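Protein sequences appear in the order of chains A and B. This note's numbering numbers the first residue of the first sequence as 586 and each following residue consecutively. This note's numbering numbers the first residue of the second sequence as 85 and each following residue consecutively.
Certain hints may be false.
Listed next, with one range per pair, are the computed distances between beta-carbon atoms [as the list claims (entries may be wrong)]:
(1) B:K138 to A:P660: 20 to 28 Å
(2) A:V622 to B:H194: 53 to 61 Å
(3) B:G108 to A:H780: 55 to 63 Å
(4) B:G97 to A:R774: 45 to 53 Å
(5) B:N171 to A:E704: 25 to 33 Å
Rather than coming from a laboratory, the hints here were simulated on the basis of the structure. Since this is a predicted model, take the numbers as computed values, not measurements. We put the CB at the ideal spot given by N, CA and C, even for glycine.
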Amino acid sequence: MKFFRSSSDQAPPLAVPQKRTRRSSGIGEVSRLLNSVENLCVLDLGSTSANNIRFLTEKGHKNYSEDLLRAAVDPGLLVKNPDGYWGLDSKKFLEENLVYQNALFDVVLCWDLADYMPEVLVKPAIDRLWSVMKPQALLLSFFHTRDAGPDSPCFRYHITGTDMLEMQEVKLPPMSRGPGDRQALRLQRVFKNRHIENLFRDFASIKFFLARDAIREVLVVR
Amino acid sequence: MDAPLTGEFAHIGKSVVIKGELSGSEDLFVDGQVEGSIELRNNKLIVGPNASVKASVSAKGVVIQGTVQGTVNATDRVELRKSAVVNGDVITQRISIEEGAFLKGKVDVHGEPGKATVPAAS
């Protein structure tokens, strides 16, 4: 008779992805709008999040999902320039992404997309977002400070409360969705405040929220 | 539910290609390619893991494990499983999305606000 189960019978414990939470002044401001106005159109540019869809649709808003970071690393965007070097085709990127003929958004959740997207796509993407937002619409974006370091992991932000976010590390699946290693994303650059102001120069106003965790939150009004 | 037992659902296997309008009054499991439209007014559609559906879909309930390109309209419920890839709008009363599912499009959960259910990703 065996009284105690041998430890060798047990499967090794699965690694549970670590989830962190952070308080977000930016999402707090966005929530104020979401709670006070009905039937808003919200564009979430992170990977598909059940939390966010629930948060938004429970309040009666329309939620649009588009994983822009995944689209930005699509190998199909690579083209050979006339000088023989490979580069990304920003025109093709805009033909395939952020195409909304019948929608104008009241809120755009950019998260820290701009920090991880290839440089050549950042400004065209922000310009396109300007064109699909309503006047006075809000755009929330996060930017790392230099203290974050180049190996700072890319997070998916799930809205868990009026001003609370859960952070889940993002590793992109291979484009084929077949077996294979997941791609870790690397911080591409650190924007200074002046660069951020330039990036959003066509917008009406910009507000910075400083946080303790090496991330600046930026709330921009169209 | 991954693959329903034969007999419970009408079955379109993974080697089958259909172009055109597909409608019916029984539950349907699609694991092949469909291009056009699928309409099952009072029944359930399961899009299997091997399926590639380029169609507007209208059913009572829709479970997606494979790829769908087009508008998904369910009078009751939509479930996106972890292998789901959806390029199109989803209009439904209730939706559940597993971690890893991919959705590019609008989610419009109609019905009374507060009664919409989107279970958290597992």
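Which numbered hints turn out to be false for this structure?
The structure breaks only hint 2.
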